[in-house]
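> The hints should help you fit chain B onto chain A, whose structure is shown.
If you read the sequences in order, they're chains A and B. Just so you know, we're using my numbering here: the first sequence kicks off at 1 and counts up by one. Just so you know, we're using my numbering here: the second sequence kicks off at 1 and counts up by one.
Just so you know, these hints were derived from the structure itself, not from any lab. Cβ coordinates follow ideal geometry from the N, Cα and C atoms, glycine included. Be careful, since some hints might not be right.
Said to hold, decoys possible - Label-pair restraints from in silico Cβ distances: (1) B:Gly149 to A:Pro238: 56 to 62 Å; (2) A:Arg171 to B:Glu39: 48 to 54 Å; (3) B:Gly112 to A:Asn126: 46 to 52 Å; (4) A:Pro238 to B:Glu39: 50 to 56 Å; (5) A:Ala268 to B:Lys83: 31 to 37 Å; (6) B:Asp203 to A:Arg216: 31 to 37 Å; (7) A:Lys160 to B:Lys138: 47 to 53 Å; (8) B:Pro207 to A:Leu267: 24 to 30 Å; (9) A:Lys52 to B:Asp262: 53 to 59 Å; (10) B:Gly128 to A:Thr204: 34 to 40 Å; (11) B:Gly27 to A:Pro207: 30 to 36 Å; (12) A:Asp203 to B:Glu111: 16 to 22 Å; (13) A:Ala268 to B:Asp262: 36 to 42 Å.
Number of protein chains: 2
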Amino acid sequence: MKGIRLGIVGLGLIGGSLARALQGKRGAPEVWGSDRCKESVRLALDCGAISKGATEREIARCDVVVVCVPVRASVAVIERIGKRMRPGSVLTDAGSVKAEVVARGRAAVAEGVAFIGGHPIAGTENSGFPAADGTLYKGRTAIVTPCVGDDEAAVRTVEKIWEKAGARLLRMDPATHDHVFAYVSHLPHVVAYALVHAVGTLDTNVPLGYSAGGFRDFTRIASSNPAMWKDIVLQNRPEMLRALAHYRKNLALIEGLIRKEDEAGILAYFGRSKKIRDGI
Amino acid sequence: MKGIRLGIVGLGLIGGSLARALQGKRGAPEVWGSDRCKESVRLALDCGAISKGATEREIARCDVVVVCVPVRASVAVIERIGKRMRPGSVLTDAGSVKAEVVARGRAAVAEGVAFIGGHPIAGTENSGFPAADGTLYKGRTAIVTPCVGDDEAAVRTVEKIWEKAGARLLRMDPATHDHVFAYVSHLPHVVAYALVHAVGTLDTNVPLGYSAGGFRDFTRIASSNPAMWKDIVLQNRPEMLRALAHYRKNLALIEGLIRKEDEAGILAYFGRSKKIRDGI
Chain A
1 MKGIRLGIVG LGLIGGSLAR ALQGKRGAPE VWGSDRCKES VRLALDCGAI
51 SKGATEREIA RCDVVVVCVP VRASVAVIER IGKRMRPGSV LTDAGSVKAE
101 VVARGRAAVA EGVAFIGGHP IAGTENSGFP AADGTLYKGR TAIVTPCVGD
151 DEAAVRTVEK IWEKAGARLL RMDPATHDHV FAYVSHLPHV VAYALVHAVG
201 TLDTNVPLGY SAGGFRDFTR IASSNPAMWK DIVLQNRPEM LRALAHYRKN
251 LALIEGLIRK EDEAGILAYF GRSKKIRDGI
Chain B
1 MKGIRLGIVG LGLIGGSLAR ALQGKRGAPE VWGSDRCKES VRLALDCGAI
51 SKGATEREIA RCDVVVVCVP VRASVAVIER IGKRMRPGSV LTDAGSVKAE
101 VVARGRAAVA EGVAFIGGHP IAGTENSGFP AADGTLYKGR TAIVTPCVGD
151 DEAAVRTVEK IWEKAGARLL RMDPATHDHV FAYVSHLPHV VAYALVHAVG
201 TLDTNVPLGY SAGGFRDFTR IASSNPAMWK DIVLQNRPEM LRALAHYRKN
251 LALIEGLIRK EDEAGILAYF GRSKKIRDGI
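Excised from the complex, chain A in its bound form (with noise of 0.2 Å):
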């Protein structure tokens, strides 16, 4: 990556973070970074996370463009970077969504430049530059979606940014990355953010706050920023009415069991859930 030139756009949590993760890191590349908000690229200036605060055009110019905002607003920055860059640059973005993103990256480059769709596995509840950290991405998968006839060394090069950010690497075609997240993510936030609003619209008050951290615990990811997953939702659509039907499917059966009060069959439904999730 030494002599390379990096452009992030977007110094948020996860743009932040991998400007952090790379700073001083022996072969790093340079990193040049954007943001519409001001104040995040003088904070990264003044941590020296990145060496120049660029614009969109500048940033056009680097060999390698991670777009990090979020998945919905990415489209059309992608859309505006990518026809700019130049021959044998690469293109890629850090969103949780990858098969509309990826179809419409591929089609937006440049001739001779490469979008390959990514996904950096980590994330806290917080966002904004001052949360950015450089540990964030230490262990955490990145997936990488290349599609056929990309070019290999386009999707080393992506690959080897999340290396150097400490991250371990996986590959998955965009369409199964979005089936597998609708149902390891984007469900369990969706069905968090059901449970805590079924509580929340009650007649009757229900007190939280003795409830052993279970319930505190248990729904933590409704505390996740509602704006980013509204987003990743609309962004996943499809893949998340199919999630959401077959989920309801599963819960309308274990309703069924306690209505018939089917003892043998709650056992063995509860049983094969705890055995599933302790193979995990």
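The following block gives chain B in isolation, referenced to the frame of chain A:
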């Protein structure tokens, strides 16, 4: 509590931890224990958590008896022991569901014996005396569920046991208890089991390993003891079914918003949940 003899029926995680919590405490009662499993009694005797392994008949002669067996089995034990206890003595339990147990316990006890429901809010995924831990109740809440007309001294006796074990106290009537816990504990468990079940019953293989801790953390409670939770949801069946219906309505609401791509609606829904969750 000094000079008082306390009988614990069931030396598993809950009863065993109570015995260990009282062990060596200043002013703690003398503790007798009984368990269907002879090995548990032997282990409790060996480590000094109980001073005598007693029969159920002997336990019934104690001043205070705490029944710590699974909630669906507890009613029969409470009825058997309650009718044999001496006037002035107090019978209590530690079950997670209260209304029916309290009604039947009150009806079953001999003349002059008080039945007062109890529920220490503590537990782990483990069970049995080897999992017993003298610090399990430290700083946790023990709920005591007296009814109108109960003897205040008897209620205080039960409270003092949990206080001595390190718990903070809270009083709640049995029906309110079951309503509240349907939401803060029982529904989350069913939701977690259903979520894991949904993933486990997919035709496609959804690898769960690299879910960034999110899925693993969120579904931790789906590793809970299936037999114990089968008992709890059946014991609290009417509240459970009401809670499930209310949750289903709230889930359908967010599903509808996602289907309609109602950005403002989704944002408001997630935002409301986050506000409630952050307020815990």
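> Hint by hint, say whether it matches the structure.
Here is how each hint holds up against the structure:
Look at Gly149 (chain B) against Pro238 (chain A): about 59 Å separates their beta carbons, and that is inside 56 to 62 Å. Taking the beta carbon of each, Arg171 (chain A) and Glu39 (chain B) are about 51 Å apart, inside 48 to 54 Å as hinted. Against the hinted window of 46 to 52 Å, the Cβ-Cβ separation of Gly112 (chain B) and Asn126 (chain A) comes to about 59 Å, which falls outside the hint. At about 55 Å, the beta-carbon gap between Pro238 (chain A) and Glu39 (chain B) stays in the expected band of 50 to 56 Å.
Between Ala268 (chain A) and Lys83 (chain B) the Cβ separation comes to about 36 Å, which falls inside the hinted range of 31 to 37 Å. Distance hint check for Asp203 (chain B) and Arg216 (chain A): the Cβ-Cβ separation is about 35 Å, which falls inside the suggested range of 31 to 37 Å. Checked against the given bound of 47 to 53 Å, the beta carbons of Lys160 (chain A) and Lys138 (chain B), roughly 49 Å apart, stay inside it. Here the CB-CB span from Pro207 (chain B) to Leu267 (chain A) is close to 27 Å, well matched to the stated 24 to 30 Å.
For Lys52 (chain A) and Asp262 (chain B), the Cβ-Cβ distance of about 41 Å falls outside the hinted range of 53 to 59 Å, so the restraint is violated. The beta-carbon spacing between Gly128 (chain B) and Thr204 (chain A), approximately 36 Å, falls within the hinted interval of 34 to 40 Å. In this structure the supplied range 30 to 36 Å holds for Gly27 (chain B) paired with Pro207 (chain A), their Cβ-Cβ distance being about 32 Å. Judged by the Cβ atoms, the range 16 to 22 Å given for Asp203 (chain A) and Glu111 (chain B) is violated: they are separated by roughly 40 Å.
Checked against the hint of 36 to 42 Å, the pair Ala268 (chain A) and Asp262 (chain B) passes, with Cβ atoms roughly 38 Å apart.
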